[in-house]
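Protein chains in written order, with the numbering used here: chain V, 1 to 99; chain A, 100 to 469.
Hints may be right or wrong, so weigh each one.
Derived lysine to any residue pairs resembling SDA-like cross-links, with alpha carbons at most 20 Å apart [as the list claims (entries may be wrong)]: (1) V:Lys12 to A:Gln161; (2) V:Lys12 to A:Asp167; (3) A:Lys111 to V:Gln40.
Keep in mind that the hints were calculated from the coordinates and are not lab data.
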Amino acid sequence: MILPGHLRSLAKVTGEVRVEAAGGPGEPVTIGAVLDAIEQRFPVLRGAIRDYGAGPRRPFVRFFACEQDLSHDPPTTEVPGPVAEGREPFLVVGSISGG
Amino acid sequence: MTGVRVLVGTRKGAFVLTADGTRHDWQVAGPFFPGWEIYHVSGSSVDPNRLWASQTSGWFGQQIQRSDDGGATWEPVGHEFAYTGDPGTHQFFDGTPRPWAFSRVWHLEPSPTDPDVVWAGVEDAALFRSSDAGASWQELPALREYKGSQWAPGAGGMCLHTIKLDPTTPDRMFVAISAAGAFRTDDGGQSWKPINNGLNSGHLPDQDAEIGHCVHRLALHPAKPSTLYMQKHWDVMRTDDAGDNWYEISGNLPTDFGFVVDVHAHEPDTVYVIPITSDEFHVPMDGKLRVYRSRTGGNEWEALTTGLPQSDCYVNVLRDAMAVDSLDECGLYFGTTGGQVYASADAGDSWAPIVRDLPPVLSVEVQTLR
Chain V
1 MILPGHLRSL
11 AKVTGEVRVE
21 AAGGPGEPVT
31 IGAVLDAIEQ
41 RFPVLRGAIR
51 DYGAGPRRPF
61 VRFFACEQDL
71 SHDPPTTEVP
81 GPVAEGREPF
91 LVVGSISGG
Chain A
100 MTGVRVLVGT
110 RKGAFVLTAD
120 GTRHDWQVAG
130 PFFPGWEIYH
140 VSGSSVDPNR
150 LWASQTSGWF
160 GQQIQRSDDG
170 GATWEPVGHE
180 FAYTGDPGTH
190 QFFDGTPRPW
200 AFSRVWHLEP
210 SPTDPDVVWA
220 GVEDAALFRS
230 SDAGASWQEL
240 PALREYKGSQ
250 WAPGAGGMCL
260 HTIKLDPTTP
270 DRMFVAISAA
280 GAFRTDDGGQ
290 SWKPINNGLN
300 SGHLPDQDAE
310 IGHCVHRLAL
320 HPAKPSTLYM
330 QKHWDVMRTD
340 DAGDNWYEIS
350 GNLPTDFGFV
360 VDVHAHEPDT
370 VYVIPITSDE
380 FHVPMDGKLR
390 VYRSRTGGNE
400 WEALTTGLPQ
410 SDCYVNVLRD
420 AMAVDSLDEC
430 GLYFGTTGGQ
440 VYASADAGDS
450 WAPIVRDLPP
460 VLSVEVQTLR
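Bound conformation, chain V alone:
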């Protein structure tokens, strides 16, 4: 995963973050599972990407992966294969808003 700068500061990490997002080999890796995994590893991020309790995505946050915008896809959507395999990042992006 690649987090925006403010969330990297909160989580006290730099660069990419690797998380285990599947329950086991062969199980699908979904957007929801990725978010569950990052929140479990960094509880400070709960409520910062999506509302508390696996709620909806915060309005000014976007999800990109493999040049696709997954922001409006339901959390049960599987992430692209290269992301699930750890070869491409799942990007959490703070959207541009303001002048």
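Dock chain A against chain V, hints included.
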């Protein structure tokens, strides 16, 4: 060593300003949490090394940070503010019902007796309390349940921005909400009563309305806690019976619109306000930044101008951006939307900027260190 620590929240981070008791030479630390809106930074009087900061963002929501070393280092603590039960709806600007939704913490009020206890005033307006040093937060829902479905936001949001604890009566607390009004509890928050009798608000059709008054700020002196001062949207007000009845003390102020009000640390009848032109023009009158002081508990006010800009000054001073220290000669502090933090080491007679170019200042608190 005697000194002061000024805690400044800004639109783009927090700053900690320190000086010895002379309050002449200042050290500036920060920004902490750069890029985040810091609505409030406050310190425990029981354990002065324990500080709290409300860190918030339109993108990434709310965080609460705690420092246990006087602001040198910080750690995030619990930041889930869940209303009790289904909060239902409140009124919106257009008169339609709007679902209650948490957006940010405006004010953090540490307990004067227990360093692990702190209250939080939030938007949409509600009062929360933590008794485990910030790990978790619980709402005191009886406040919101007092006709909350009829509350409506002010222009800055429907925020609970002021929390005042009565040091002589532990179960008594005062809060103020824009634009619901002021409320008091005498049983530790189990029940509340609106305390808005005597307020006149031009935006309300009924001047006797229990709620809906736009209270900007409350202040009290710990030695005289039944006397409160209020800067309302318009009018500076006073009560001598813990809010049961208010009367106007605007007196000779050039305008009685404003945001801040505070009380001298050692003189319960010495009050300070910073008049702002009007609700349509949120800047000082005539480009002159003037603090007004009353030594008579109101009505008779004198302008304090020495060291403050007296031409071409068009900043605002927001409701949580004034504080007093309790050194022998009371010090005063306020921050502006232009990024200046001014200090007076002589009860307001003269002023000097500590810093001039911070981001817009949202809040100022001060700790007196002995």
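So if I understand the rule, the pair passes when the alpha-carbon distance is 20 Å or less; does Lys111 of chain A with Gln40 of chain V pass? 28 Å, violated
Satisfaction of hint between Asp167 of chain A and Lys12 of chain V, Cα-Cα up to 20 Å: Given pair Lys12 of chain V, Asp167 of chain A holds - Cα atoms ~19 Å apart, limit 20 Å.
Assess, step by step, whether the Cα of Lys12 of chain V is no farther than 20 Å from the Cα of Gln161 of chain A, and give holds or violated. 17 Å, holds
When each numbered hint is compared with the structure, a violation occurs for hint 3 only.
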